[in-house]
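Each chain, written out:
There are 2 protein chains.
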Amino acid sequence: MSSSMLIQTHQHPFAIALDRTALLVIDLQNDFCHPDGFCSSVMGADIAPLRNIIPRVQAVIDWARQHGVLVIYTRESHKPDLSDAAPSKKLRYENAGYPLGAPGKLGRFLIQGERGCALIDELQPLETEVQLDKPAHSAFVSTALEAVLRQHNITHLLFTGVTTECCVLGSYRHASDLGFYGLLLEDCCAALSLQEHQAAIDVLLGENGAIGWVTSSDRVLAL
Amino acid sequence: MSSSMLIQTHQHPFAIALDRTALLVIDLQNDFCHPDGFCSSVMGADIAPLRNIIPRVQAVIDWARQHGVLVIYTRESHKPDLSDAAPSKKLRYENAGYPLGAPGKLGRFLIQGERGCALIDELQPLETEVQLDKPAHSAFVSTALEAVLRQHNITHLLFTGVTTECCVLGSYRHASDLGFYGLLLEDCCAALSLQEHQAAIDVLLGENGAIGWVTSSDRVLAL
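Here the protein sequences line up with chains A and B, keeping their order.
To convert, take the position in the first sequence, counting from 1, and add 1088; that gives our numbering.
To convert, take the position in the second sequence, counting from 1, and add 1088; that gives our numbering.
There may be inaccurate statements among the hints.
Identical chains share a label here; the pair holds if one copy fits it or two copies do between them.
Subject to a maximum C-alpha distance of 25 Å in a straight line, what follows is the list of computed SDA-like cross-link-like pairs (lysine to any residue) [unchecked claim]: (1) K1178 / H1240; (2) K1167 / A1136; (3) K1178 / A1206; (4) K1178 / P1143; (5) K1178 / D1150; (6) K1178 / R1108; (7) K1178 / T1303; (8) K1193 / R1238; (9) K1167 / P1143; (10) K1193 / L1309; (11) K1193 / N1296; (12) K1193 / D1306.
For the record, the hints were derived by calculation from the structure and aren't laboratory data.
Assemble the whole structure, with the sequences as input and the hints as a guide.
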């Protein structure tokens, strides 16, 4: 085990050992981030906030590869027959105006195999890196993520991706509860509105550090 | 299965079947809510926001009992030797200024068997109701909660308790990911600051209903 280094955060320093660290890149998929993806082309959402983080996420991925840090990419996705979607999740997404499996320019929304569901072209995972499909917001629910991390002796996680308050926060909180040390890189996460993004950051900064650690990517890239 | 009723929420109606519903009362413990508890007497926190919700939680518990809705009380707690506390959680709580097991007027902070760890006197669980000790923020981690709910055929959960952004939100998000329909009663939840409370509400209201449902207790009491 390598010696640990300290990363400054908004509150308390975060001690990190790179050989026990993984970088999570959450749900950077065409349906969320591509101009022809579902959020932009069907819902008419302004995806600029999501696209803005891409260069910084790419930089952190490059840094991770240089430092031997495992990179793990997740996709929010479902089987074509939606047999892996909880009825409660289907209802929430219908309420929100984007039913799971609804048609879009890049195929059915969040359905495995559709181009909309794929990772954005700006990400090109290596064969040695991990890609995971996940049917829930937390990347630990109904996936092999925890097992993968344990197999690699990972104890520390860096969080990037979209959307901050939905799948990033849900995954972060679950990781903490499973005993992982989590550090969220706030400038590598985004939501469709700044308010939603900031709400998630405020949750993590709550109770003076009892919930989590938040920093910006420059603190990591400087390691 | 009884017919379902609709509860108005901030966004979309929440359909509820009372015989498949449980009321979660999260972490209303002396260490958080009693004037001699750890948060008030050792940390010097203003616990008025936490105490303010107690009468409304009591009213919802009374309503639940009248309607045959199962009430489940959780306690954030650990064994005296802290063998059930993740090192990462211990560090976060040390950083925050309230180490797990630290001494206080009502015993060691969040340690099972200490008076500080007990439910507040204003709650008097019936023998038929469920009490659960939980070592993480999510009430579903390292507990029998999911099994208990499945055994009772529970599909819908009402969320009350403290603190909103920490254990309430963590439990809510996990419940959603496990397929439960969750409704948070915002006036029956509280944090030490309004900002922390509101951040959690804003997270749940994010993405126009894709994350969760939020309402106030009067909507439930009117059923």
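Cross-check of the supplied hints:
no.	hint	verdict
1	K1178 / H1240	between (34 Å within a copy, 23 Å between copies)
2	K1167 / A1136	neither (28 Å within a copy, 48 Å between copies)
3	K1178 / A1206	within (20 Å within a copy, 38 Å between copies)
4	K1178 / P1143	neither (32 Å within a copy, 35 Å between copies)
5	K1178 / D1150	neither (36 Å within a copy, 32 Å between copies)
6	K1178 / R1108	between (36 Å within a copy, 19 Å between copies)
7	K1178 / T1303	between (34 Å within a copy, 20 Å between copies)
8	K1193 / R1238	neither (39 Å within a copy, 40 Å between copies)
9	K1167 / P1143	neither (30 Å within a copy, 46 Å between copies)
10	K1193 / L1309	neither (36 Å within a copy, 45 Å between copies)
11	K1193 / N1296	between (44 Å within a copy, 22 Å between copies)
12	K1193 / D1306	neither (36 Å within a copy, 44 Å between copies)
The structure fails hints 2, 4, 5, 8, 9, 10, 12 (numbered hints given earlier, in ascending order).
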